[in-house]
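S.K.: Here's the letter readout for the chains.
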Amino acid sequence: MFCVFFPHMRLHKCLLVMSHEAAAQSASLVFVCVHREHYDFLETLAPQLNGKVLVDVSNNLEKNMYPEANAEYLQRLIPGAHVVKAFNTLSAWALQNGPSDANRQVYLCGNNPEAKQAVAVISTKLGFTVQDRGSLSAARELEDFPLQLFPEWRLPMRLTVGLTAFFFFYLLTRDVIYAYVNEGKDISFRIMMSLANKVFPSVSLILLSLCYLPGVIAGFFQLYRGTKYKRFPDWLDRWMLCRKQLGLIALALASLHVLYTLIIPIRYYVRFRLAGSTISQIKNNKTSPFDTTMAWRTDSYYSIGALGFGLYLLLGISSLPSVSNALSWREFSFIQSKLGYLTLFFCTFHTYLYGWDRFLYVSQYKWYTPPGYMLCLVVPSLVLVFKLLLLLPCVDKSLSRIRQGWERTGPEKDSKKSLLA
Amino acid sequence: MFCVFFPHMRLHKCLLVMSHEAAAQSASLVFVCVHREHYDFLETLAPQLNGKVLVDVSNNLEKNMYPEANAEYLQRLIPGAHVVKAFNTLSAWALQNGPSDANRQVYLCGNNPEAKQAVAVISTKLGFTVQDRGSLSAARELEDFPLQLFPEWRLPMRLTVGLTAFFFFYLLTRDVIYAYVNEGKDISFRIMMSLANKVFPSVSLILLSLCYLPGVIAGFFQLYRGTKYKRFPDWLDRWMLCRKQLGLIALALASLHVLYTLIIPIRYYVRFRLAGSTISQIKNNKTSPFDTTMAWRTDSYYSIGALGFGLYLLLGISSLPSVSNALSWREFSFIQSKLGYLTLFFCTFHTYLYGWDRFLYVSQYKWYTPPGYMLCLVVPSLVLVFKLLLLLPCVDKSLSRIRQGWERTGPEKDSKKSLLA
Amino acid sequence: MFCVFFPHMRLHKCLLVMSHEAAAQSASLVFVCVHREHYDFLETLAPQLNGKVLVDVSNNLEKNMYPEANAEYLQRLIPGAHVVKAFNTLSAWALQNGPSDANRQVYLCGNNPEAKQAVAVISTKLGFTVQDRGSLSAARELEDFPLQLFPEWRLPMRLTVGLTAFFFFYLLTRDVIYAYVNEGKDISFRIMMSLANKVFPSVSLILLSLCYLPGVIAGFFQLYRGTKYKRFPDWLDRWMLCRKQLGLIALALASLHVLYTLIIPIRYYVRFRLAGSTISQIKNNKTSPFDTTMAWRTDSYYSIGALGFGLYLLLGISSLPSVSNALSWREFSFIQSKLGYLTLFFCTFHTYLYGWDRFLYVSQYKWYTPPGYMLCLVVPSLVLVFKLLLLLPCVDKSLSRIRQGWERTGPEKDSKKSLLA
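Chains as they are written, first to last, in the UniProt record's numbering: chain A, 1 to 421; chain B, 1 to 421; chain C, 1 to 421.
Hints should not be assumed to be uniformly reliable.
Identical copies go unnamed one by one, so any copy, or any two together, can satisfy a pair.
[Said to hold, decoys possible] For lysine-lysine, the following DSBU-like pairs were computed, each having C-alpha atoms within a straight-line distance of at most 30 Å:
#: 1; residue 1: Lys397; residue 2: Lys244
#: 2; residue 1: Lys244; residue 2: Lys125
#: 3; residue 1: Lys185; residue 2: Lys286
#: 4; residue 1: Lys63; residue 2: Lys387
#: 5; residue 1: Lys228; residue 2: Lys397
#: 6; residue 1: Lys397; residue 2: Lys63
#: 7; residue 1: Lys397; residue 2: Lys125
#: 8; residue 1: Lys338; residue 2: Lys244
#: 9; residue 1: Lys63; residue 2: Lys338
#: 10; residue 1: Lys228; residue 2: Lys63
#: 11; residue 1: Lys283; residue 2: Lys397
#: 12; residue 1: Lys397; residue 2: Lys230
Derived from the structure by calculation, the hints contain no laboratory data.
Just need the whole structure built from these sequences, with the hints factored in.
M.R.: Okay, here's the thing in structure tokens:
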């Protein structure tokens, strides 16, 4: 029989007909749904709870509110009971509606294996999947789960904010402030669309290349060390763990870039300028001839960009949990690596086509600074060059062997390996 | 040993070598894959089926075809057997290919716990997740599952159709019919694009605000009652349960609005008008000067709209089951609440920028009716104002305390609470 | 107790303190994480491994590297052990981080039920879902899983490449080469955008109609045979199995078509032509009048296209694993069938509107070939006509009865059916 201690008596009338002592006595499994502040009330029931399984489902309002985890505190109060921490990561929603639409995973921990087993059986019956996280000392970790707010997104978001701020102020200076200072023109209205549409793609391209840079660095590390069985430095490990987040932010910015670009022809400013150019052609009575190179260049630029964005979207879709779960490991790495580098190549090439031969003209280097698109081309170009180096037949062969477990060993390592043979 | 009764003998030769009686005798678990109309044939085997587990997998062609559920009817025919309703919600596809690509969930119900356990063991072995729905009286509910056609989408869809029809006829009257009656011009071609592109965003914005209105109302209810432990009225509960659907329809309409807007510059009508404006400027030999305020206003309008749509998409992606399952409760509510209100604010602001100072001009109120964008601003503006009220420090503090379980209690409630202490 | 044999001793110090023999002796479950080339080393431990459960987690670098599966080879080397193939389909990532973010499915096979049960228990404890694939002879299949590279996408991809190549060269000849040969104009720059934007929608529409053609063919087969209990020919079965992939590729091409279409107004070529048309109107001092039919036609064309693409996207979203899992069978077939045919109708109608009355003009049949859009209309039109035939009341009634299990039987079949009654 179960017994449930809820914080509010009048909601659970069953408990009113039985004294707390009788309830505690008769149940073998007790769900403690009381706020931590009221745990001391349970202490009075300690004799009746002796040998019982106490399921602690409590959560705190913020991290590190108390020196010890709620479940550990409960265990200390009633040393004779078997405290199991469970269900706290589930929302009330999931508990009420069953696991069909919400997270199925139930994490539990506790010091007594039988007690954990009893809770696991109930969870499975309710349709949840159980994951045992070990002894009660893991309770703190479990209690921190529902309080997490995108911990793995923090580093990529900070990087994004930093890069965005840098490009914004850099381009603001070069475009708006330069025009104001040198030509006395107020073109501040360009901030909303033109400037934003330069900042978004620049940051997006850099973030995308930062997804692939750690893989390239790891390759060089492995080549240099001659083994894959040495841990990477911590910064590289942490970097590799946030590649997915970097890629998704890059995709979001690329989508905004696409949207902002497609809005261009309905902008008042653009329509005004186009009409002005037509009017001036008529007034001066000379029409500019059609430039086939220009047509080729701009069409290629748009076409490559559209294909690159298509691949970008494909990468994003394949990183949806339900899609990536349906892929085999080889399929996932094909998409994320092969198609990923193709995306990076398309987007970098798109940016080079945008620049075209403009890097030759001195007028482009206002106040001796390079245009924004040049700055954002540095990292992706480096990544692509390094990747090409790794793809050279001789290098690729060594790296493949290392990744299959081969080691470039010194004499003392060989002796150890001979143990195996 | 299993035995399976299929509707067509010649497909299952194993059954032809054995008499029905022998088959029923030798198996401990019998899958009944016969149409309900043929159940009476099983009655003749009742003695052999005594004490056996009968798994009823049948479905009906429509709801309420029969007075009792198929499984209950089977149980009545063969009272000695243990009927378990199961597997009927799975498609033939899932049964043939295993649960890797399709729904893993198997619902079962029955009166005999051991019989249910036996079926549960088989389901688990086949890779499915089992959810026990209780006694055989739940069979009707299980038999209705495969016949469901988006029950939770019905209310939001009706609302959408109603709002769309209203805005369509309202705008048709104000735009097309007004122009025909007052100016004798036939601009009915505008129905396909211009009118649609006014209806979609109006309905979308209202639906989005209707996602957030029940939350605000619930807040005021809780403040007024001083407790969170009282049930909301039924209409509010039902409204809150279809917020996700409201939001997704709003997103679909917003996407159409974006698509229709981006198509604008390739429309024949728009190109004709732009060329006409250029030609008339030349003929009259006066060019309109560049209007910086206009540039600021329109660019802000587009930019805010694009950002709002980006956030909208983010909300949509995070409501995909596999994505929302990967989020902690706090993360999910951060996205759906904080980012949701930001989206609503952006989209409302976008609409205000569209209106700008036009509400000042009498010519806008054709036939004394306000333009469509004004009508659709009412609900979102109210929601944002109410939300701001709830965010006032003093109100927010009370509400937070109530949501953490605090109650503004009268004397008789206090006495009950003292039982806990 | 577990024992794990890893390829590198120095990484697993626990094993250094114990001889291999002692380790093998003391464990009841041995994880073999050694490359296949080193399996012979285990042969020396055969006596100690007698009666033990050996879990083979190995994978090969490519298919068909060895005549027998790794697990079967291991079983042959140590006949006294109970070899279970398992965990090889999981990535190192999933094993390290638990199943929360990656594929939960563990496939296992083996000849000894108790051994499999022991491995299943461990897998479940680790939070994985177990699927038993039968005896050890299934090991080869399991070892091929991680080496699979989109096997079900191969046929649709080949079809797509073939159709794309055909339409590309067909349109290249008719557009670019024709203009060069007959008029001496070089319009090769149109390859990047204009031509691509004709190839994508053509192939997309054909692929979409190929999704629905097999269903129509199957309907006629069932009508002709008078039963649903006869297997379809192999080619039809294989075709039906790749409908999802056909549809998703069609959606990808349709998205590119939308993107390429929306880019049109920012193209240099288009802006040049529009300015040129305005200039020539002024120079010739005659403005073309507004054509209401043209406005209706083009706006309908864009509007239908946008709605069709919206439905297309809906189909795509509903085929995401996590979304389709949340749908009942009836809901899924409503979307994929009813909405699918609506999408096909919208997209076909969109293409007819594009063509309009142009099929009447001889000038359209350059070099006596029909334009590309006519070619791509053949299959979808056929599918829609056939579907309409199947929807005729009398035909629909027969087909519904057949699909509910009714059979048009000859006398010898009737006698068999009477067995049931």
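S.K.: Hint by hint, note whether the structure agrees.
M.R.: Tested hints:
| no. | hint | in the structure |
| --- | --- | --- |
| 1 | Lys397 <-> Lys244 | within (28 Å within a copy, 38 Å between copies) |
| 2 | Lys244 <-> Lys125 | between (35 Å within a copy, 28 Å between copies) |
| 3 | Lys185 <-> Lys286 | both (28 Å within a copy, 22 Å between copies) |
| 4 | Lys63 <-> Lys387 | between (43 Å within a copy, 27 Å between copies) |
| 5 | Lys228 <-> Lys397 | within (14 Å within a copy, 55 Å between copies) |
| 6 | Lys397 <-> Lys63 | between (49 Å within a copy, 20 Å between copies) |
| 7 | Lys397 <-> Lys125 | neither (52 Å within a copy, 40 Å between copies) |
| 8 | Lys338 <-> Lys244 | both (15 Å within a copy, 23 Å between copies) |
| 9 | Lys63 <-> Lys338 | between (41 Å within a copy, 20 Å between copies) |
| 10 | Lys228 <-> Lys63 | between (38 Å within a copy, 24 Å between copies) |
| 11 | Lys283 <-> Lys397 | neither (66 Å within a copy, 68 Å between copies) |
| 12 | Lys397 <-> Lys230 | within (19 Å within a copy, 53 Å between copies) |
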